[in-house]
Amino acid sequence: MATSLTRFEDALVDHDCDVTRTSVAEFDGALADAVREPAVGVALDDQDLSLPAAVETDPTPAQLQAAASGVTPVAFAVADHGTVAIPSTATAVEPVSLYPDRHVAVVREEQLVPDTDAAFDELGPTLARERDSVIMATGPSATGDMGALVQGVHGPSEVHVVVVESEVTQS
Amino acid sequence: MSRSDDRQAKAAHIRHLLSTESETIHENTGHMNSERYRAIEGFDYDALRDEARAIKEDAIARLPELIEQVKASVEENGGTVYVADDAADANRYVEDVMADRDAETLVKSKSMTTEELDLNDHLGEAGYDVFETDLGEFVIQVAEEAPSHIVGPGLHKSSEEIADLFNAHFDPDEDLATAQDLTRFARDYLGERIREADVGMTGANFVVAESGTIALVTNEGNARKCAVTPDTHVAVAGVEKILPTVADLQPFSQIIAKAATGQDVPQYFSLLTPPVDSPTLDFDEPDVPITEQSGGGAEGDGDGDSGGSDARDFHLVLVDNGRFAMREDDELRETLYCIRCGACANSCSNFQHVGGHAFGGETYTGGIATGWEAGVHGLDSAGEFNDLCTGCTRCVDACPVNIDIPWINTVVRDRLNRDEAPSEFDFLVEGLTPDEEPGGLDPQKRLFGNVDTLAKLGSATAPVSNWIARTRPARLLVERVAGVDPRRDLPAFRRDTLRKWAADRDTATPTDAGREVVLYPDLYTNYVQVERGKAAVRVLEALGCAVRVPDIPASGRAPLSQGMVSTARERAEAVSEALTPHLDAGRDVVVVEPSDAALFRREYERLLSDEEFDRIAGNSYEILEYVYGLLENGADADALAAGEGQSVSYHSHCQQRTMDLAVYTEAVLSDREFDVRTSDQECCGMAGSFGYKSQYYELSVSVGAELADQFADAERVVASGTSCMEQLDDLLGPTRHPVELLDPAAE
Ligand code: SF4
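Protein chains in written order, with the working numbering: chain A, 145 to 315; chain B, 2 to 748.
A portion of the hints provided could be inaccurate.
[Claimed, not checked] Away from chain B, derived, C-beta distances all over 12 Å, residues of chain A: (1) Val-163; (2) Thr-166; (3) Val-168; (4) Ala-176; (5) Gln-191; (6) Asp-192; (7) Leu-193; (8) Ser-194; (9) Ala-198; (10) Ser-310; (11) Glu-311.
[Claimed, not checked] Cβ pair distances, simulated, as ranges: (12) A/Leu-293 / B/Asp-103: 35 to 43 Å; (13) A/Ala-210 / B/Ala-89: 43 to 51 Å; (14) B/Glu-329 / A/Glu-266: 35 to 43 Å; (15) A/Glu-266 / B/Asp-51: 20 to 28 Å; (16) A/Glu-266 / B/Asp-381: 47 to 55 Å; (17) A/Asp-259 / B/Gln-647: 44 to 52 Å.
[What the hints assert, rightly or not] Going by beta-carbon spacing under 10 Å, a handful of chain A positions derived as facing chain B: (18) Asp-158; (19) His-225; (20) Pro-231; (21) Thr-235; (22) Ala-236; (23) Asp-261; (24) Ala-263; (25) Pro-284; (26) Gly-291; (27) Gly-296; (28) Pro-300.
Keep in mind the hints are simulated off the structure, nothing from the lab. A virtual CB, placed ideally from N, CA and C, is assigned to each residue, including glycine.
All chains should be modelled from the sequences, with the hints used to inform the complete structure.
What follows is the structure, encoded as structure tokens:
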């Protein structure tokens, strides 16, 4: 749904995120532009998409802490608010999205849900049945506690979302 | 301390805050307040808050059953639930967890509930290192102060003050100056603490019974880090945080950030169902891939993900500490629906000017703090600040779960009144004050609560009574006994009351009058602001109404505002009785004083039977609301005076705005060609008796001055409420009621 995608992109910009729309064919280049090294990541579990060797996908704590970027897949994303749903997984999506200064989230257009209602349709079974955990993250971490708004507080100061358009809408 | 000393001490404390913390807290809360308005504009806030409210009501009603369900869910997930009776019990449990895990340090994300428990002090005394990682909490911890706001504990501190604090405390290589510097410094310092910590502690904004999920609402990433980095996670939450299902989270996820800070959604709405699958992070083994780390704690079950949930230890501490008693208390129960968004503080003019270091108790701050403090720490803690709620009701519009915060304040005030020891001055006010209250009530409250009797007496003997009241000995006496501030002009009671004027007129009631109207002779319009009453009568008549001004007793607003609920109820019943024949005859009731109009339509619900309330509420109107209705129904607007483009600055009354009644005044004045500009200030700061009280005079003037600033260049100022008129009279010169602008007999 192109409208959902456009809404998602607008909302991301409203919430101070960077966004790149790309295709399966162009993904490697788009990702390379979004990532700053040193980078850590979590393998994408996607037939068509993979992370380059420069992204360390089984990081140590030292690498995690030193990384400038953390690249992760997401569970799903919410178009209306520019929110990405970050799952807690044994593959460490949560810390990889949290510790580096820049979170690069890879979102398939098919993973977009339009709004909060739809998000809760996803969350209901995930939390209640699977007993999983999900962070609904919207924009970079921030605080006003020091007297003015500052981004990058115990979390990324930059969020870059790479959205891979579905092949269907492209044709 | 005598009452008069007490008042002086309170005045001094407020004066101190006005000259220190006020500016920063005002800027911050004012900003969040206007952001909230922006965020909810064009959004169906009311539908969502009704939904949120219903979920909370149901959850609190089913609390015992839900606690059992949470226990079962968390245990199924591999965690532990402990229900702590009180602070000592909760603290003991957390200390045991620390000992069991061989822990030395604990990192915390923000939790007001642990503030309530004094957990940090307890763990500190037991020899543990505790670090607050929320930057606001961290500032407060370093400064060794108490939070000044439920959401932003350090909202009273400016960047410069925090920089001075950090430079002195940490002595960094280079002095810190900007918010950026400070944030970076605190983040790096605390980042290290988080990486080293043995135990991570979070609060919980919500706890889901069906899944054992805890929801955390944050903008910083600290709660996420505290929850997932160490292998042990302890979450502490009041029992009232439980919601039945995941789906129940939805309205709250939409509403909480809007109400709190005016954000559409928070940066992080974290839904953790611990123990979580993320591997723990052991920075002591920096070169072992995190997916292969042992996780330090419990043994894995051999399924391969030894660094994940199997290595994690999770404890949910649910705290009672008075909440079950609140649940049984018909008046305090509503407090348990509170989601601690801070909107009631941000929307409160008094709070904006003094912050939580005056407007707060041991732990909680702002309007709802009265309910929380009375429930968890006891009446005395609530009594410290309860009077700062003037009942303006602006928070009622703001609260995302529709809590009647002013009512909770009124009820607690009533309980405090009943707790008072008899005073040496009781004999002085006893004869003057035919109220229903116990002896020992503060003479200040008693005086203002019985202002109707004073008005009657003062009017009967005016102008002599006014002269006497202004003499030095009389002023000294009222100051000493009742704490009436000498810097305020006392209202001058008129001998020629509105009722007398109306009775003496020989206007023939038009026989073909479209409507018969009772103009309610409220205390202020009848005895003090008589001109606005006359204007109201003439305006109604010009629009074809037959108007009568019968003898109907005082509304009960004055005693209610002093927490004298029984007296207020008795007055409400008398009003109801006096209005009955008029209502039977099909007459509409029109009210000039907005605080009484609001009373008839809002608080009477608490004081009268449903039937009596519905009848009065359904047939009473604020004067310009009624005029608007008449014009809409074809009355001839040209019968009223016209503005010819004259510009008018209008301050609507706080309670009138909460009842959504201000728009009618604006519409009618615009219709009559006045160029109307309305103030956006929540309250004028006078609020009935509040601005007369010596301990609050300076705060009242500080709030009023902000409004006066808005109107500094105004040609003509109008205000609906008596209090607002008195405040603006004092600060800007003569102020009139909007109906006076429409008076066809006006020159
Ligand atoms: S009473 Fe309402 S407005 Fe105040 S903090 Fe609680 S939820 Fe928010």
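Okay, the hints, checked on the actual structure:
The claim that A/Val-163 lies off the interface holds: its Cβ sits roughly 17 Å from the closest Cβ of chain B, which is beyond the 12 Å cut-off. A/Thr-166, annotated as away from the interface, keeps every beta carbon of chain B farther than 12 Å; the closest lies near 25 Å. Residue placement check: A/Val-168 keeps its beta carbon more than 12 Å from all beta carbons of chain B (closest about 27 Å). In this structure A/Ala-176 is separated from chain B by more than 12 Å, as the shortest Cβ-Cβ distance comes to about 24 Å.
No beta-carbon of chain B is positioned within 12 Å of the beta-carbon of A/Gln-191; the least distance is around 22 Å. The claim that A/Asp-192 is not at the interface with chain B holds, since no C-beta of that chain comes within 12 Å of its own (minimum 24 Å). Consistency note on A/Leu-193: stated as away from chain B, and its beta-carbon is indeed over 12 Å from all of that chain's, at 21 Å minimum. Non-interface call for A/Ser-194 relative to chain B: holds, since the shortest CB-CB distance, roughly 18 Å, exceeds 12 Å.
Distance check for A/Ala-198 against chain B: the nearest CB is about 17 Å away, which clears 12 Å, and the non-interface claim stands. Here A/Ser-310 stays apart from chain B, with its beta-carbon at least about 25 Å from theirs, past the 12 Å limit. Even its closest Cβ contact with chain B, about 31 Å, leaves A/Glu-311 beyond 12 Å, as expected for a residue assigned away from the interface. Distance hint check for A/Leu-293 and B/Asp-103: the Cβ-Cβ separation is about 40 Å, which falls inside the suggested range of 35 to 43 Å.
With their beta carbons about 44 Å apart, A/Ala-210 and B/Ala-89 fall inside the hinted range of 43 to 51 Å. The hint said 35 to 43 Å for the Cβ distance between B/Glu-329 and A/Glu-266, and at roughly 39 Å that hint holds. Between A/Glu-266 and B/Asp-51, the C-beta spacing of about 25 Å keeps the proposed range 20 to 28 Å intact. In this structure, A/Glu-266 and B/Asp-381 meet the distance hint of 47 to 55 Å, their C-beta atoms being roughly 48 Å apart.
At roughly 48 Å, the beta-carbon separation of A/Asp-259 and B/Gln-647 lies within the given 44 to 52 Å, and the hint holds. Below 10 Å, beta-carbon pairs count as interface contacts, and A/Asp-158 has one with chain B at about 9 Å; its hint therefore holds. The interface hint given for A/His-225 is met, as the beta carbon of that residue sits about 5 Å from the closest beta carbon of chain B, less than 10 Å. Because the smallest distance between the Cβ of A/Pro-231 and any Cβ of chain B comes to about 8 Å, under 10 Å, the interface hint for this residue holds.
Among the interface hints, the one on A/Thr-235 holds; its C-beta lies about 7 Å from the nearest C-beta in chain B, closer than the 10 Å criterion. Hint on A/Ala-236 holds. Least Cβ distance to chain B is approximately 5 Å, under the 10 Å limit. Residue-level restraint check for A/Asp-261 holds (minimum Cβ-Cβ distance to chain B is 7 Å; threshold 10 Å). With a least beta-carbon distance of about 8 Å to chain B, the hint placing A/Ala-263 at the interface is held under the 10 Å criterion.
This hint holds: A/Pro-284 has a C-beta 7 Å from the nearest C-beta of chain B, less than the 10 Å allowed. This hint holds: A/Gly-291 has a C-beta 3 Å from the nearest C-beta of chain B, less than the 10 Å allowed. Of the supplied interface hints, the one on A/Gly-296 holds, with its beta-carbon coming within about 7 Å of a beta-carbon of chain B, less than 10 Å. Taking 10 Å as the C-beta contact cut-off toward chain B, the hint placing A/Pro-300 at the interface holds, the least distance being around 7 Å.
Checked against the numbered hints above, the structure violates none of them.
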